[in-house]
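Under this note's numbering, the letters of the sequence shown match residues 372 to 476, in that order.
Hints may contain errors.
Here are the in silico distance ranges between beta carbons for each label pair [as the list claims (entries may be wrong)]:
| # | residue 1 | residue 2 | range |
| --- | --- | --- | --- |
| 1 | A476 | A384 | 26 to 32 Å |
| 2 | G454 | R427 | 26 to 32 Å |
| 3 | E443 | S423 | 27 to 33 Å |
If you're looking for bench data, these hints aren't it; they were derived computationally from the structure.
Glycine included, C-beta positions come from ideal geometry on N, C-alpha and C.
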Amino acid sequence: MTDTKAVAARLTARLDELTAEIARLDGETTQPLSPKFSDQANDLEDLATNESLEARHKAEVEQIRAALHRIEDGRYGVCDNCGADIAPARLEALPGATRCINCAA
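Let the sequences and hints guide you as you build the complete structure.
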């Protein structure tokens, strides 16, 4: 059986980290380009990297929120497809997992 309180605490901590990182990246992406044309290519590359990271972080935030919602509803660790328990090792590696290993394959 999975200790959902400990999982919720870890997920909440990760959610806080991601929220801070998203805010930081968002602040960086709103900065104007360098006035020097030669530096603008680097600025644009950094912008693209930051936007990609921000998108990844936002997707992880959604997965965490969904996992926290499943914890609240008592559905955490139960496969959405077959209703079997999701292995604790799988949940440890992938806390947002919604399917058991058999259904995920």
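These are the hints, each one checked on the structure:
1. For A476 paired with A384, a C-beta distance near 30 Å keeps the hint of 26 to 32 Å intact.
2. Between G454 and R427, the C-beta spacing of about 30 Å keeps the proposed range 26 to 32 Å intact.
3. About 31 Å separates the C-beta atoms of E443 and S423, a value consistent with the hinted range of 27 to 33 Å.
Checked against the numbered hints above, the structure breaks none of them.
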